[in-house]
Amino acid sequence: MHSFGFRANALLTFSLTILALICAMASISDNLNSPSPSAHVQVSNINRFQKSKGNDEVSMTLNVSANLQSLFTWNTKQVFVFLAAEYESPKNSLNQVSLWDAIIPSKEQAQFLIQTKNKYRFTDQGTNLRGKEYNLTLRWHVMPKTGKMFADKIVMTGFRLPEEYR
Amino acid sequence: MGWIGEAVDSVESLRIRQFLSQAVSLGMIVTSALIIWKGLMCVTGSESPVVVVLTGSMEPGFKRGDILFLHMSKDPIRAGEIVVFNVDGREIPIVHRVIKVHERQDTEDVDVLTKGDNNTGDDRPLYAHGQLWLQRHHIMGRAVGFLPYVGWVTIIMTEKPIIKYLLIGALGLLVITSKE
Numbered sequence: 001m002h003s004f005g006f007r008a009n010a011l012l013t014f015s016l017t018i019l020a021l022i023c024a025m026a027s028i029s030d031n032l033n034s035p036s037p038s039a040h041v042q043v044s045n046i047n048r049f050q051k052s053k054g055n056d057e058v059s060m061t062l063n064v065s066a067n068l069q070s071l072f073t074w075n076t077k078q079v080f081v082f083l084a085a086e087y088e089s090p091k092n093s094l095n096q097v098s099l100w101d102a103i104i105p106s107k108e109q110a111q112f113l114i115q116t117k118n119k120y121r122f123t124d125q126g127t128n129l130r131g132k133e134y135n136l137t138l139r140w141h142v143m144p145k146t147g148k149m150f151a152d153k154i155v156m157t158g159f160r161l162p163e164e165y166r
Numbered sequence: 001m002g003w004i005g006e007a008v009d010s011v012e013s014l015r016i017r018q019f020l021s022q023a024v025s026l027g028m029i030v031t032s033a034l035i036i037w038k039g040l041m042c043v044t045g046s047e048s049p050v051v052v053v054l055t056g057s058m059e060p061g062f063k064r065g066d067i068l069f070l071h072m073s074k075d076p077i078r079a080g081e082i083v084v085f086n087v088d089g090r091e092i093p094i095v096h097r098v099i100k101v102h103e104r105q106d107t108e109d110v111d112v113l114t115k116g117d118n119n120t121g122d123d124r125p126l127y128a129h130g131q132l133w134l135q136r137h138h139i140m141g142r143a144v145g146f147l148p149y150v151g152w153v154t155i156i157m158t159e160k161p162i163i164k165y166l167l168i169g170a171l172g173l174l175v176i177t178s179k180e
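The listed protein sequences correspond, in order, to chains A and B.
Numbering-wise, full-length UniProt numbering puts 20 at position 20 of the first sequence, and it's gapless, one number per residue.
Numbering-wise, full-length UniProt numbering puts 116 at position 116 of the second sequence, and it's gapless, one number per residue.
Isolated chain A (complex conformation):
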């Protein structure tokens, strides 16, 4: 009844149960946080706008400023933030093209202002980008130390690409 094996087993089971419970509680506690992030994005320049291999391609310079500090809780490992261009074309009901992304490892670095060229190619499936109206969406995925992942976004509307290639 009270052999070494039984005690070791009971101890192991108990500690694993407590650990699982603490992990679950840490994940649930994330729901108590109601973040209020803010962001502002500006397209400062269209560097290049051409047709390459039959598809429209844009290179642009972006000014991104955001304050995502309120996303961080004690269970947050990192926040993955990215900026995506979203538009509709005759062929596709939705095109999402990631332009820039970053990993924010700590709350101190969650307020930033950067100027950057698009990190990934802004390429259409076809040639629909001339004069195209598009949204820029700042999206973030909160990666927890343990438990459920969260995601949300800020949509910024009213951007328009030039009418002519350059």
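Hints in this document: simulated from the structure, not taken from any laboratory.
C-beta atoms are modelled at their ideal positions from N, C-alpha and C, and glycine is treated no differently.
One thing to keep in mind: the hints can contain errors.
[Claimed, not checked] Here chain B is said to cover these stretches of chain A; the calculated rule only asks that three of the stretch's residues, wherever they fall, bring their Cβ under 8 Å from a Cβ of chain B:
#1 71-81
#2 92-104
#3 141-150
Put chain B on the given structure of chain A with help from the hints.
What follows is chain B alone, placed relative to chain A:
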């Protein structure tokens, strides 16, 4: 001499009963594990509801040995989501982030491009030869939850099979020899 024979008989039948009950309890453990796994498959809609991260391509978010919980819903796939996909001709599924989505106007078809957070380029070199986009059927699920370190158990067991056999043997012995 009759009472000795009776005693032996009763001990014998006791042993058989005990053996049977141990066999049943062992069977119960195996089947309940199977039920939990299949039940998870039903709830999450994914054919593998839990995956272990095997490479560092999503660091610092996911490290080798972390566990991801998958969910496969009818919801459309969107940029930024972490998906698990199978490439034709590759056995091991890959866990990476979606960076581009092109969703067709009239059909359900969708073109998806992925990239590992820790990789410099996108995943096209990982795809099958000449493949530019992932389609819906390549995707096994999207990651919804995360548990660190637990996956090391399976990594150690697949890389050092002897530990697996030792563990199974010890557990089996424990079940058979334990009373009650």
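(request) Three residues minimum, CB to CB under 8 Å: does the stretch 92-104 of chain A make the cut for coverage by chain B? Let me know. (result) Satisfied; 9 residues make the cut.
(message) Closer than 8 Å Cβ to Cβ for three or more residues is the test here. Does the stretch 71-81 of chain A pass it with chain B?
(response) holds (count 3)
(request) Test coverage of the stretch 141-150 of chain A by chain B using CB-CB distances below 8 Å; three residues minimum. (result) Result for this restraint: holds, n = 8.
No hint from the list above goes unmet by this structure.
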